[in-house]
Amino acid sequence: MLQVVPVKQIHLDAYAPIVGAATVEELRELARPLNGLRVVHVNATAFGGGVAEILQTLVPLSVDVGLEATWQVIEGSDDFFNVTKAMHNGLQGMDIPFTPEMQRIWQEYNRRNAEKFEGTYDIVIVHDPQPAGLLHYTGGKHAPHWAWRCHIDTSEPNPVYWDFLAPYISEYEAGIFTLKEYVGPGVTFRHLAIIPPTIDPLSPKNADMPLEEAKAIVQKFGIDVNRPLLLQVSRFDPWKDPLGVIDCYRLVKKERPDVQLALVGSMASDDPEGWIYYDRTVRHAGEDFDIHILHNFHGVGSREVNAFQRVADVVIQKSLREGFGLVVAEAMWKGKPVVGGKVGGIPLQIVDGETGFLVESVEECADRALYLLQHPQEARRMGQAARERVRRHFLITRHLRDYLHLFRELTGL
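Residue 208 is where the sequence shown starts when you use this note's numbering, and the numbers rise one by one after that.
If you're looking for bench data, these hints aren't it; they were derived computationally from the structure.
Incorrect hints may have been included.
[To be verified] Here are the simulated lysine-lysine pairs, BS3-like style, with alpha carbons at most 25 angstroms apart: (1) Lys427 x Lys460; (2) Lys549 x Lys460; (3) Lys387 x Lys549; (4) Lys292 x Lys323; (5) Lys348 x Lys323; (6) Lys292 x Lys549; (7) Lys460 x Lys422; (8) Lys292 x Lys422.
[As the list claims (entries may be wrong)] Simulated restraints, written as ranges between beta carbons of each label pair: (9) Asp609 x Asn242: 17 to 27 angstroms; (10) Arg434 x Arg245: 46 to 56 angstroms; (11) Lys461 x Lys549: 18 to 28 angstroms; (12) His218 x Pro351: 25 to 35 angstroms; (13) Gly619 x Lys387: 18 to 28 angstroms; (14) Pro554 x Arg311: 36 to 46 angstroms.
Here a beta-carbon is modelled for each residue, glycine too, at the ideal position from N, C-alpha and C.
With the hints as extra help, turn the sequences into a complete structure.
What follows is the structure, given as structure tokens:
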């Protein structure tokens, strides 16, 4: 059988002080007809990346409102995850080859995982390209309703990748995307749900933390908390453009020689390319000791990311392509205006000039970062507006509401 991911117990009532008691009651009322509904989420990894972070909270909250919700992860070799990383990039438009051997590897591992998939459910939700063949290779026998949840931007995919994947995802009854524009060409679903990702305000990464405690944590990594700090939190991935962030920092440093940069990432089990791009990032940084490049193997976990986001003077997310960019909402929740790439789901979060800035070049990124450093009062005002925007639109309770609506639509309950 596939690996079942254990999740902690979480109570919806704990969110009432943040979202209000009326919202909590609304969610419980919405879930009542779904009591006992058997739902399973299937994805590629139990840690690292936004999908795993969402499921760590969404699954137990679903249980708390009465669903029988579980989470399973597929198995794969390095060869398989190298292929799926290429698929991730190709589906977002990168011009890279997709050989018959790569296609065979994806098919073989989807077939193997389908053989190991056990249980009977009412709804199966399959996340992203890695296990997208699960419905095809099981014949759909495990549940009457299947949904494919796409977390990436497939609006302008490399045709070789899309033409391969489209027949598999077309078998799903429901498609779930971050934005309507992300639905790839020529594919339709009987049920289309638009559900942007969200953050958990009570998780270790987002829970309140005194500033002095945050500073003490950040100092352990060699950061001078008395000097300005630029920060980007993301995987080491070409689409996240860490090299461009370093170039941005170098432009800012010409005006503010005291500025520092921290690039904080995580290495996920389904992203073997991450180490290659980490090495490229380190080489691009050179011998500049004001650039700090850190990841989870340095001891940077959720609590440390929380601290970095609270201490940073300017948070950057200079993505070139982006599914959503949960790290933007995370920083905004901590009262930080974010300088973000004008791509994907980032403009959904950042209201340009009000809760942060949207940029399209290294030069623009440096200009806006320098503006925030030079106008701290304006940065604080924008940060307060950013936090409120996240509270209204991008907390996990809204995510739960969207899924409950979809489940009722699929089942007719």
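Does the structure break any of the earlier hints, and which numbers would those be?
8
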